[in-house]
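Asks: Chains as they are written, first to last, in the numbering used here: chain H, 1 to 468; chain S, 1 to 468.
One thing to keep in mind: the hints can contain errors.
Identical chains share a label here; the pair holds if one copy fits it or two copies do between them.
Cross-link-like lysine to any residue pairs, in silico, SDA-like; alpha carbons within 25 Å at most [as the list claims (entries may be wrong)]:
#1 Lys-434 <-> Arg-187
#2 Lys-137 <-> Asn-42
#3 Lys-168 <-> Val-258
#4 Lys-344 <-> Asp-96
#5 Lys-372 <-> Glu-136
#6 Lys-105 <-> Val-318
#7 Lys-434 <-> Leu-188
#8 Lys-168 <-> Pro-229
#9 Lys-105 <-> Leu-188
#10 Lys-372 <-> Gly-442
#11 Lys-168 <-> Gly-306
#12 Lys-168 <-> Leu-276
Hints were generated in silico from the structure; no laboratory data involved.
Protein chains: 2
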Amino acid sequence: MIMSRIEAPRDEETGNLVDRLLSGLPTEVVLTDPDVTASYANDMASFCPAGSPAVVVLPRTVEEVQHVMRTATDLRVPVVPQGARTGLSGGANASDGCIVLSLTKMDRILEINPVDRIAVVEPGVINATLSRAVNEKGLYYPPDPSSWEMCTIGGNIGTASGGLCCVKYGVTAEYVLGLDVVLADGRLMSTGRRTAKGVAGYDLTRLFVGSEGSLGIVVRAILGLRPQPPAQLVLAAEFASGAAACDAVCRIMEGGHVPSLLELMDRTTVKAVNDLAHMGLPETTEALLLAAFDTHDPAADLAALGALCEAAGATQVVPAEDLAESELLLQARRLSLTALEAVKGTTMIDDVCVPRSRLAELLEGTERIAEKYQLTIGVVAHAGDGNTHPTVCFDAADPDECRRARESFDEIMALGLELGGTITGEHGVGVLKKEWLAREIGPVGLEMQRAVKAAFDPLGILNPGKLF
Amino acid sequence: MIMSRIEAPRDEETGNLVDRLLSGLPTEVVLTDPDVTASYANDMASFCPAGSPAVVVLPRTVEEVQHVMRTATDLRVPVVPQGARTGLSGGANASDGCIVLSLTKMDRILEINPVDRIAVVEPGVINATLSRAVNEKGLYYPPDPSSWEMCTIGGNIGTASGGLCCVKYGVTAEYVLGLDVVLADGRLMSTGRRTAKGVAGYDLTRLFVGSEGSLGIVVRAILGLRPQPPAQLVLAAEFASGAAACDAVCRIMEGGHVPSLLELMDRTTVKAVNDLAHMGLPETTEALLLAAFDTHDPAADLAALGALCEAAGATQVVPAEDLAESELLLQARRLSLTALEAVKGTTMIDDVCVPRSRLAELLEGTERIAEKYQLTIGVVAHAGDGNTHPTVCFDAADPDECRRARESFDEIMALGLELGGTITGEHGVGVLKKEWLAREIGPVGLEMQRAVKAAFDPLGILNPGKLF
Chain H
1 MIMSRIEAPR
11 DEETGNLVDR
21 LLSGLPTEVV
31 LTDPDVTASY
41 ANDMASFCPA
51 GSPAVVVLPR
61 TVEEVQHVMR
71 TATDLRVPVV
81 PQGARTGLSG
91 GANASDGCIV
101 LSLTKMDRIL
111 EINPVDRIAV
121 VEPGVINATL
131 SRAVNEKGLY
141 YPPDPSSWEM
151 CTIGGNIGTA
161 SGGLCCVKYG
171 VTAEYVLGLD
181 VVLADGRLMS
191 TGRRTAKGVA
201 GYDLTRLFVG
211 SEGSLGIVVR
221 AILGLRPQPP
231 AQLVLAAEFA
241 SGAAACDAVC
251 RIMEGGHVPS
261 LLELMDRTTV
271 KAVNDLAHMG
281 LPETTEALLL
291 AAFDTHDPAA
301 DLAALGALCE
311 AAGATQVVPA
321 EDLAESELLL
331 QARRLSLTAL
341 EAVKGTTMID
351 DVCVPRSRLA
361 ELLEGTERIA
371 EKYQLTIGVV
381 AHAGDGNTHP
391 TVCFDAADPD
401 ECRRARESFD
411 EIMALGLELG
421 GTITGEHGVG
431 VLKKEWLARE
441 IGPVGLEMQR
451 AVKAAFDPLG
461 ILNPGKLF
Chain S
1 MIMSRIEAPR
11 DEETGNLVDR
21 LLSGLPTEVV
31 LTDPDVTASY
41 ANDMASFCPA
51 GSPAVVVLPR
61 TVEEVQHVMR
71 TATDLRVPVV
81 PQGARTGLSG
91 GANASDGCIV
101 LSLTKMDRIL
111 EINPVDRIAV
121 VEPGVINATL
131 SRAVNEKGLY
141 YPPDPSSWEM
151 CTIGGNIGTA
161 SGGLCCVKYG
171 VTAEYVLGLD
181 VVLADGRLMS
191 TGRRTAKGVA
201 GYDLTRLFVG
211 SEGSLGIVVR
221 AILGLRPQPP
231 AQLVLAAEFA
241 SGAAACDAVC
251 RIMEGGHVPS
261 LLELMDRTTV
271 KAVNDLAHMG
281 LPETTEALLL
291 AAFDTHDPAA
301 DLAALGALCE
311 AAGATQVVPA
321 EDLAESELLL
331 QARRLSLTAL
341 EAVKGTTMID
351 DVCVPRSRLA
361 ELLEGTERIA
371 EKYQLTIGVV
381 AHAGDGNTHP
391 TVCFDAADPD
401 ECRRARESFD
411 EIMALGLELG
421 GTITGEHGVG
431 VLKKEWLARE
441 IGPVGLEMQR
451 AVKAAFDPLG
461 ILNPGKLF
């Protein structure tokens, strides 16, 4: 195994490492204070081991990144690339003695081009910053993970992030046209294009998207943009069962509708949001479906969708009266994970995606699992994508509850695979789901994934211990 | 170099190869008659050398493909996978002594699922067959290469084909969710998913799309579908110069419009189409722009677009009166390459894609190149994508004209690169553009592409001599 070559360094080694780094970097970008470096140890995932970084580097230029990677290659030191560390799978967690390479200071938007509909950015740009900047030019960068106010484009590329928009606009991968990447040995490689189309050679751009920093360091990205659509109007539909809500989802998709958002919150989630933010959501409903259109006549489109919800047994269908009311419903949805975290102090957030025709089975199964383990599991889902986030709420101070949380979390993944789904729709594998990746893709797939890794990172220094 | 290991086999070797193949295949799927095998030697590209296949195999099952690949690995025989051989880069051309692996008989549509919006198909399914089958269920498979009535989905995946739809709906790559692939050594690997989203591990699915059969044999594909949009209404706009037409394209895209088609035909192409099919297109125009919308109110959208054309100097803007007239305009466009072929008997079709903001420069440069080489070069373009097909018309019996054709073809690629574009928007690299791929992606990119190739095909038996 690649990992076994890398051991925790001795202090002398750390000194040597820092000296070598400083030989090509300004002092202020190299952090060595153990209290400071420790604060870069992990992302937002529960149950993921993290080591102590030897040093944290915050480069501002491509050349500085190249110097870091050359040094790491020379000294065989692992490098863990990081964005805003909002990830939920431990993909950005430090290994002992590693260089943490935080790209947060490379945060310039280099170009926004409305004719070519592209933006060129550095990896540390915050998702929301880019979204707002392109909005000002009448353009739209769709990917909108829940953490969009904090997370970076580089991190989004690393995990191929999704969000609420995906049912209509797809995931981050759909918007990455070209990349500049610093390879493990410090060489700079450009992939892809700034054109609308291009098929010159293997699609290495797409290979890097979702590779969780394990193949190279993204230092620049060419992103595709869309014209800004009209503001979306939201509808809320209440259902007496999760199955009925899922039936509505299937009818909507089978009916050829293309909503800009199709989200589900179960009763547990609705109650948690009310408890946290007093939103006045209907607590008697078993499942709340939120749907939206950003078309030119969203009210008409919502009416047709509402009729399908009623046909599927919705007990109440309430279209938002205006954009303000729409925004309020979206806020409720965006608060879901935070609200569920407040239930018991800690959560584990599953990310199972199933074919949407199997969504009801996943919901039913999750309920069974919650009962079996005597745990609160709230389900919030990008229902239109079949991408669910069953969120296990537990008390991290209670060892038995922790054990049950982890087991139930795993059992939901097993159920997802049984239903023809995947263990991760948008959060990535990281440390948390390594064993599960192997289970999902099988031994041949795993071997070929490792072969690709070895082709780009023969020394195994790039984010070791993640994915595999 | 990988290629150098492979030599043309002696007859005895061919006998042995055929025996080994027959040990695991029904007799009728193995073709050895030299007249027959010779007919599988090449695709539709000009100027691409092709060797003589030792044998042609037309497998009907995954197991048969596995047997072929195991045999090829054991005997170190190159394998050239083929679809309908409508490719334009020599990517399906045989090497001497190779096994041609024609996937055309694996042509079953295995599933069409309107709720999950996916189709599961074998690689030999004809694009048009799939398109019509999903239409019947209210669904839409967008990729529509000009050869859609003949070309196979497997071939489309191999070259990441585009078509007229791309300006709104993207290329084949956007629609490939998962693959079953037989690897060089005969093992079966599944990649990707049948869910709307999924980020479990590296995106090997996308790596195979556009890999021109050089990494493995696609034996099954899970394809994403969309709901069938309304029929599109087309508008024709005439311009007194290519530059004015390109200006209109830029205004349309900058204005936030999303036409379902935005095509350009230059005067040479318009005249060629009239000569071939007497379509009565306006021959006095220097550039004809065709635009379409498949929205709920296409007439209104076309009116807005027409106004932008007029602002850019269109001399005439004619919206189609109805769907029949729209279809006629599309037919004219679809006939373009055939019509240009009729001009001098042979064509070389460039596939340069530039940022659409540079489209006018590409058109002007192509005109200069045509003049320099004293050749007729008709330009037909997916203008909305910046993807142009400058088509060099020449007499294949005239050696000097052949030389000039090849040189002008190359010079157009050089111009495309200068303008920040790519040598291939949708036709692939094949044999025709090998040197140009190296030029476009540079030495580091090329080295990493080769490393990926070596990871999947260490013996170099899969479609050798293509791409690199």
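Asks: Run every hint past the structure and note whether it holds.
Replies: Now the hints, each set against the structure:
1. Lys-434 <-> Arg-187: This pair counts as between: shortest inter-copy Cα distance 23 Å, intra-copy 29 Å.
2. Lys-137 <-> Asn-42: This pair counts as neither: shortest intra-copy Cα distance 36 Å, inter-copy 48 Å.
3. Lys-168 <-> Val-258: Close inside one copy (6 Å) and across copies (15 Å); limit 25 Å.
4. Lys-344 <-> Asp-96: neither (31 Å within a copy, 69 Å between copies)
5. Lys-372 <-> Glu-136: Classified as neither: same-chain Cα gap 51 Å, cross-chain 45 Å, threshold 25 Å.
6. Lys-105 <-> Val-318: Result: close neither inside a copy nor across copies, 44 Å intra and 52 Å inter.
7. Lys-434 <-> Leu-188: between (29 Å within a copy, 22 Å between copies)
8. Lys-168 <-> Pro-229: both (12 Å within a copy, 14 Å between copies)
9. Lys-105 <-> Leu-188: within (19 Å within a copy, 44 Å between copies)
10. Lys-372 <-> Gly-442: neither (28 Å within a copy, 57 Å between copies)
11. Lys-168 <-> Gly-306: Only inside one copy: Lys-168 and Gly-306 sit 18 Å apart there, 28 Å across copies, limit 25 Å.
12. Lys-168 <-> Leu-276: This pair counts as neither: shortest intra-copy Cα distance 30 Å, inter-copy 42 Å.
Of the numbered hints given earlier, the model fails hints 2, 4, 5, 6, 10 and 12; all others are met.
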